[in-house]
Structures are given as C-alpha cells and as structure tokens.
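Peer 1: The primary structure of each chain is shown beneath.
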Amino acid sequence: DAGITQSPRHKVTETGTPVTLRCHQTENHRYMYWYRQDPGHGLRLIHYSYGVKDTDKGEVSDGYSVSRSKTEDFLLTLESATSSQTSVYFCAIRQGPNSNQPQHFGDGTRLSIL
Amino acid sequence: AQKITQTQPGMFVQEKEAVTLDCTYDTSDPSYGLFWYKQPSSGEMIFLIYQGSYDQQNATEGRYSLNFQKARKSANLVISASQLGDSAMYFCAMRGNQGGKLIFGQGTELSVKP
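Going line by line, the protein sequences match chains A and B. Per our numbering, the first sequence runs over residues 832 to 945. Per our numbering, the second sequence runs over residues 103 to 216.
Pulled out of the complex, with its shape left as it was, chain A reads as follows:
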C-alpha cells in the first residue's frame, strides 16, 4: 500500500463550475503526478510535481491547474469544468528519486461534467 488517497472518489457537476480534486500521500514522496484516463487513450499526464511549489505541465494540461503547498497534498483544479473533462483521474507517486522506479497510483476519481 503506497498510502495514496484521492478525494472525492466520485463527483458529478455542471459545466462551468470549478472542481478541485485532492491527492494525499502519507509517505513524504517528492514526485507526484495527475493523469486522466479516457477510452482509447490509456492514461495521459496532466501535471506533475517534483516538490513543494514545484510543478510542471504534462501533455494534456489545458484547462487544468495544480498546487502543492505541502509535500503530502497535490491538488488538481478545473477552473471552469467542460464536458470534455469528464474522465477518470488518477494521482500517482514515485517512490524514490530514480525515474526508473515505478509509479504507484491512487484508486482514481470518476468525474462527470454534465
């Protein structure tokens, strides 16, 4: 168990509303990632963090922002949700400084934008 908790696990909201997803880890890992999973696309990186207040964009970052004010929490925000952001969102951590170490994932958040 990598000690990753995602909240909420499920959310339904309306187009245009702001949404924040939380990823919480208990083991003080430096690297954290947000992915989205859509049919036919596998998982795609949205944003990642390599330390407190250190974040960078992934391949599908448009419409998303992130924040990491504490080591244990990595927040993903949809400022104004759109139907195209309906997806399953996964947070992941990397258990060490070596980029060849595997990432371990939270249980996911299923987000529906109506």
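Think of the hints as simulated: they come from the structure by calculation, not from any bench. Treat the hints with care, since some could be wrong.
Partial chain B-side listing against chain A, Cβ under 7 Å, derived [to be verified]: (1) Glu146; (2) Phe170; (3) Leu204; (4) Gly207; (5) Val214.
From the three backbone atoms N, C-alpha and C, an ideal C-beta is built for every residue, glycine too.
Fit chain B to the given chain A structure using the hints.
Peer 2: Here is chain B on its own, set in the frame of chain A:
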C-alpha cells in the same frame, strides 16, 4: 517522439495456459524504462513488472515475465499459468523525458476462461 503501441485490444486465454501481451515502443533515448500495469474491473492500477533498457536479463516477477527484444523495440508481457483473477486490462508504459512521467499504451483487455 516517444510512443507505446499495444495492438491487441482484447485477448482470451484458457485458465492455466500461458499468454503473451504485445507491446512495442518508440524512443530515441538510449536510456529508458518499460513498465507493465494491471487494471482490474475495480479500477485500480497495479504495478507488475519493470525492465530497464540496459538490463542484460529479462525481468521476472512471479508468474510475470517480460520478453524484452531491444532491437525490435518490443517488451511483451508473458503471464504463465493464467488464473481467473488475471482477467483485467493490461497497460504497457514507458518512462518519458518529462519528470519521469509515464507514457501509456491503449491497453489490452485479457479474459481468462475457466
């Protein structure tokens, strides 16, 4: 550009038989890592096995082994003695250049028949 291709959308295997799931990759980096993940119907992502580009031997983890053919740029997952609990989606992934992100293939859905 880095890319992972999984050409088998779905596969069936008889219980207790071995099965090979295909994965090909494309990268110009001499150093890279390849990962396999399992996603059961419950949705979580489970790390299975890792292969480094400089590893001399094929990786093995219990019933999982990785048939790594560097010249062909393939990293096929072999599951021996399939069990009903192996029924799941399987994703091949490669470590990308950006913060150790993972680049995923589209997945293969494996169904194990009793």
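Peer 1: Now tell me, hint by hint, if it's right for this structure.
Peer 2: Hint check:
no.: 1; hint: Glu146; in the structure: holds (5 Å)
no.: 2; hint: Phe170; in the structure: violated (14 Å)
no.: 3; hint: Leu204; in the structure: holds (6 Å)
no.: 4; hint: Gly207; in the structure: holds (6 Å)
no.: 5; hint: Val214; in the structure: violated (22 Å)
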